[in-house]
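Trainee: For reference, the chains in residue letters:
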Amino acid sequence: MRFRIYRFDPDRHAKPQWQDYEVRLAASDVMVLDALVVLKAQDDSIAFRRSCREGVCGSDAMNINGLNALACITRLADLSEPVTLAPLPSFPVIRDLVVDMTQFFAHYHAIKPYMMNDEPPPERERLQSPEERDRLNGLYECILCACCTSFCPSSWWNPTKFLGPAALLQAQRFIVDNRDHAAPQRLEFLDDVYKLYRCRTIMNCTQVCPKGLNPAQAIERIKIELLRRSA
Amino acid sequence: MRIFSGQRAFVLQRISALVLLACIAGIALRLAIGPQVTFTQWRTWIAQPLGASALLLVAAALFIHAWVGTRDVVLDYVQPLALRLTVLTIVATGLTVLAAWTGFIVLTHAL
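Sequence lines, in order, name chains A and B.
Each residue of the first sequence is one higher than the one before, counting from 1 in the numbering used here.
Each residue of the second sequence is one higher than the one before, counting from 1001 in the numbering used here.
Please note that the accuracy of each hint is not assured.
Stated by the list, open to error - Pairs of lysine to any residue, SDA-like flavour, derived with a Cα cap of 25 Å: (1) A/161 <-> B/1038; (2) A/161 <-> A/193; (3) A/161 <-> B/1088; (4) A/161 <-> B/1012; (5) A/161 <-> B/1066; (6) A/211 <-> A/55.
Keep in mind that the hints were calculated from the coordinates and are not lab data.
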């Protein structure tokens, strides 16, 4: 199978370049990550992140044939050759397919991704009704792989100011959680021309989310909640 | 609603879009199923208070929508503050002049 891989080592290369590979794969090599592991054995200078190899950790997010995806759950059989592998667009490249996620996690930390509740904790856990728990569905599953934020044109234009779909989806996850009591402060923080309103509902985020989530809808719901509270 | 939070622009963009959508659908429907409209008939319709008000409403929606859209593009692509203010001032002035001109034409015709 033929591959074209983005190669960049700032210690050795002045600028990035594409490198072509042809590799013989076994029948058990079904995902892009399997092929990358074989390629790594052939050329150990290729750098990429991976960990769980089953779509849970989000480490191996990359651009595969033009779309962001997780290498470990992207089937080789569905891809046209040469399979083009590039680092997540718009993120600074550390080396080859490894990108710097500092800005991405700074945005994530900015939304305070933890429960805020000043009430003393009950003897057991803070209970939720099934309906209250259902509100978290489609939000809590985010694995922070950055496929969405890296593929969002609004994030390309304002990478430091717009929080991006992943952080905003996580913000909505805590806004709708009835155990969290900081929704007004969270919404107050988000009510900003850059942090939230740079989203144009382009929906690239929803298209590429490997977990099938809908960050665009989550962002729209934050806007509607802000509107409802300001009315 | 906080000024400059982005919410006002978000709301105006959606309301103006709805007005424009209704206008386009109404005109398309009228042209599709009604008898042919002549230039004189359009002028007569606009000369009436209802026609003039409807046209002014659509024109206002169009200019508001154009302003929010252009402002969004400028906020994204024009990063230096001085250049951004210059471009926004030119756009705002241009749209205001066009809006005033439109209002003048419609009102002159209607009154």
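Trainee: May I ask which of the numbered hints given earlier this structure violates, with the numbers listed in increasing order?
Mentor: 1
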